[in-house]
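**Student:** Go by the hints and put chains F, Z and W onto chain E.
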Amino acid sequence: MLRVNNIDVYYGEVQALWEVSLQVSEGEYVALLGANGAGKTTTLNTISGLLRPKKGNIEFLGQDLSHVPAYKTAEMGIAHVPEARRLFPEMTVEENLIMGSLPKRAKEKRKESMDWIFTLFPRLKERRHQEAGTLSGGEQQMLAIGRGLMLRPKLLMLDEPSLGLAPFLVDEVFKIIKKINEEGITILLVEQNVMHALNSCTKAYILESGRITLQGRGKDLLSNEHVREAYLGI
Amino acid sequence: MSYFEVKNLVKRFGGLVAVNNISFSVEKGEIFGLIGPNGSGKTTIFNCINRYYSPTGGKIYFKGKRIDKLPTYEICRLGIGRTFQVVKPLRRMTALENVMSGAFLKTSDVAKARDRALEVLDFCGLFRYRHFPAKGLTIADKKRLEIARALATEPELLLLDEVAAGLNPRETEAAMEIIQKIRSSGVTILIVEHVMKVIMGISDRIMAINFGKEIARGTPQEIVNNEEVIKAYLGESYAQGK
Amino acid sequence: MLKKFWFLSIIIVIAIILPLIVQSSYYRHIFILILIWGALGVAWNLLGGYTGQVSFGHAAFFGVGAYGAGLLAFHLHISPWWGMIVGPVAAVIVSIPIGLICFRLRGPYFALAMLAVGEICRLVFTQWVSLTNGAMGILTLTTFSSKLPYYYIGLAILSFSVYTVYRLMNSRAGYYFVSIREDQDAAESLGIPTTKYKMYSLIPSAFFSGLAGAFYMNYMNYIEPSVVFSLPDVSIMIILVVILGGVATLWGPVVGAIIFVVLSELLRSSLGPAHLLVFGVIVCLVIMYMPNGIMGEVDRIKKLLQRKGARIGSEIT
Amino acid sequence: MSLFWQTLICGLLLGGVYALIAIGMTLIMGVMKIINLAHGALVMIGMYITYVCFHYWGIDPYIAIFISMPALFFLGCLIQKYSINVLIGKESILPENQVLLTVGIMLVLTETMRLIFGSDYKSVHTSYTGTSFFIGDVSVSIPMAISFVIAMVFTYALHIFLTKTDIGRSIRATAQDKEAAILMGVNTNKITIVTFGLGSALAAAGGTLLVPIYYLFPDIGHAFVAKSFIITILGGMGSTMGALFGGLTLGIAESFGATYISMELKDVVGFVIFIIVLLFLPGGFKSLTKR
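Sequence order for the protein chains is E, F, Z and W.
Here the first sequence stands for residues 1 to 234, numbered as in our numbering.
Here the second sequence stands for residues 1 to 242, numbered as in our numbering.
Here the third sequence stands for residues 1 to 317, numbered as in our numbering.
Here the fourth sequence stands for residues 1 to 291, numbered as in our numbering.
Just to be clear, a hint being listed does not mean it is correct.
Residues from chain E that face chain F, not an exhaustive set, calculated with beta carbons under 8 angstroms [as the list claims (entries may be wrong)]:
| # | residue |
| --- | --- |
| 1 | Val-14 |
| 2 | Ala-35 |
| 3 | Gly-37 |
| 4 | Leu-163 |
| 5 | Gln-192 |
| 6 | Ser-209 |
By construction, these hints were calculated from the structure, which means they are not laboratory data.
Ideal Cβ positions, reconstructed from N, Cα and C, are used throughout, including at glycine.
Chain E extracted, bound-state conformation (with noise of 0.2 angstroms):
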């Protein structure tokens, strides 16, 4: 479904990423590692086209993004909850929904979308008129993925949904997530909490510093030395 080829990409003079590959095939749970800065971030935006490659490509349903502006990534399919959420602060959580859905196939929708994510996300139909802002970091994880979802996406991407929650909503989100995935939604998941993301995906690759040093199977690599190394080299 999703092949990246080979990237190198670069923030001005500077590279961050080195020949960079990961394939996602229709229906798995794919997740993308790596300790902070070693361009899990960087990966996620070059492939919704906020960044460019300046070598290889990527190819999505069998096309190439290389020409496709950023905004039109949504259009064929591809919704990417970025890092740190950004949500609309000073919008309401419906409209911040709303906001998922602007492209047509998924407007279409939106209204049934909407009480697929209230039933998914019982707190933010209570919210619905709150202004995203002043929700708590949960809620507006939450948000921020349901506004993903409202897009109706085939392939969602997660830019660390752990990110700075507490332990029991650790878990939560990561039950979602594996419910998502359950209903035929495919996933590729940039994360920091390594134990979590590989007992759920059905595959992951660990990036270190700009390249991908290990693939496999999520339960595979739970008990490869080299990954507790990567992260508290030890």
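**Tutor:** Using the frame of chain E, we list chains F, Z and W on its own:
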């Protein structure tokens, strides 16, 4: 009283408590590390120390003097230098001019400042880039430039904020070397770092925080084996599995 | 270094003998306008270009300088030439509270606050009729019948301002000014008291703006608030002069003044009423395609020709 | 006492039209993060279009709004697309170069009008010019009242547009977080163009509504840029509701300044409020509601 001391530091942003009652002290000549997952409040502590932010509560002492009400530049004049996690090079100035801007703290003479800056650039391995505009440097060199600029102010206490983030292994090694060299020159160091290899390798003592609160404190060995720390970094189940 | 010395010497010689060769009083008038705009540009460039504190209200200092000279003659019947001292000093005195208030703001907010300061000055000088004679302005007598003395006084003022800026920019203060422009937070954390140094940049800037204003009064022998405090014709034009020539370069404002005055005169004589329109179009094109001005582009072209990107040398001036 | 009410009503009515103009500016400021110094010139062009409509074709100023608004919408889109957007991503030493570009645009617009119409003052005399009605012993100018009502209708319509339509929401989203808006599928480049067009159209509407009340001349724009700033700063950047309150506040403050201090110093009152708010209430009135 300790050389440098933070007492009951609190920083709130609206309803969010970013730093929640943190206390620690640093002794002269040591390297003290601060670790914690993303968003745990480490950089906020730094920003409170050099008063980039005003702390909501608590006190900070340096050499017996209370500094938490002083303006940023005054704190630097007292001998506390810092680097920024998100590098702030003076973009259109050359590397040399960047470092000279720091060196002018101790002298108003241009020639002396230039000599001092060249010395520091050499120390940090940036000598050959001295005439490059700062905006054109690689991220690794920009991080070094941050250190060089802070060093040029001849600090007694240096706050290093994630100097290794985004560097490749070779660059990380080089950064560690520089930090060790700085310490041998007699500068006390307070370091925030995400790359564990760095902080474990060079710190004398480490404090780990999560959600703005202290979760552990001790030598690198103690920290690595601390259950709370492993939990914070790798997740609940990992800690139980080990 | 030697090349630079010769270049500078030649320019000085040309500047000195030029009005002796060109006898036309119209051309001499143009030269004097260039000198006034040059001095204003150099003054603005110190604060706006080097220190990065873009001011939309420099007319305040120009106008206060001009009125400093004019009011001496108007009320006390003293020669307005004494205003060459009183004017700039008055501008500096006015600049201190303005700076202390407005430097609490950053970026566009500062620019706007300065705009408001300029407009407040214009309105106050227009309305305070008992002091300023209001919109009727102030008229004095001509001192010299020839333009020659004015030219040399103007040249002296411009040289003085360029030299002062040159000295400042090659001292600690200069490095601090540019540091503040490039990143105020980084500057603070390097121990630079940024507000203090912004004041150090504002005060000479106000001084030379006031000096230019006082000279303008003496040269034109007539001022009124809507002219010397004008937002579009003074405050904004100064910025355009600097942009045309080259922001944050020593000679940029002078080059800008030459282009600005010559261009305006050429357009005025050739296009008549449309000259301001064409001027506006040129301004837009310059900002869009040459945002760092002529001198900025010259540097870039030089660099391209030399192909020695690495060896730029430490020249912040 | 009746002087007080007279002053208040006068200020309120004028303030409503100011608000409409300032909302146009605050929209542009919110989305593009720039101060549009050409805004007053856009108001001025709106006024001249109305003048032409009345003078040559006998169209009533309040009808002419349907000509001036679309015309300025189109002009605004062109300005954004072919000049301001060209600067995006260009590096220059002065961070304000987009603002300076709007100065250049202001010059071009003003001088174009001067070339066509000359510098002299023009005015439009309709059958209702100078008429008024009374509430108690307070006289209310009929054209001012009509202008106020229309301005409020437009403000309300804009509010509905911004909150109930996808384009309106996209404009707000772009102002709040541009990158996130792109991820939602918003073509932000197009949004900036539409926003500048919309802001210009509102400026034109404000200009048209002022024609029955004011004189017009090419330099009248300067006064409106200044007023719009003050209002925007009062209300908080990018806030339409803030701009409405800011506009009414400025109108009333000017009116009281004129009555109780001096007619000539009424503009100083505005600037003084501006600096005070800038210093002590950096977020404008909007920040007060956040406590």
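**Student:** With a cut-off of 8 angstroms on the beta carbons, see whether Ala-35/E makes it to chain F.
**Tutor:** The hint holds - Ala-35/E has a Cβ within 8 angstroms of chain F, the shortest such distance being about 6 angstroms.
**Student:** Does the interface hint hold: is Val-14/E within less than 8 angstroms of chain F, judged Cβ to Cβ?
**Tutor:** 5 angstroms, holds
**Student:** Does the closest beta carbon of chain F sit nearer than 8 angstroms to the beta carbon of Gly-37/E?
**Tutor:** 4 angstroms, holds
**Student:** Under 8 angstroms is the threshold here; is the Cβ of Gln-192/E close enough to any Cβ of chain F for the hint to stand?
**Tutor:** For Gln-192/E, the interface hint holds, since the closest Cβ of chain F sits about 6 angstroms away, which is under 8 angstroms.
**Student:** Take the shortest C-beta to C-beta distance between Ser-209/E and chain F; is it under 8 angstroms?
**Tutor:** With a minimum Cβ separation of about 4 angstroms from chain F (threshold 8 angstroms), the hint on Ser-209/E holds.
**Student:** Should the hint that Leu-163/E touches chain F count as held when the rule is a Cβ pair under 8 angstroms?
**Tutor:** With a closest approach of 6 angstroms, the Leu-163/E hint holds.
Violation of the numbered hints given earlier is absent; every hint is satisfied by the structure.
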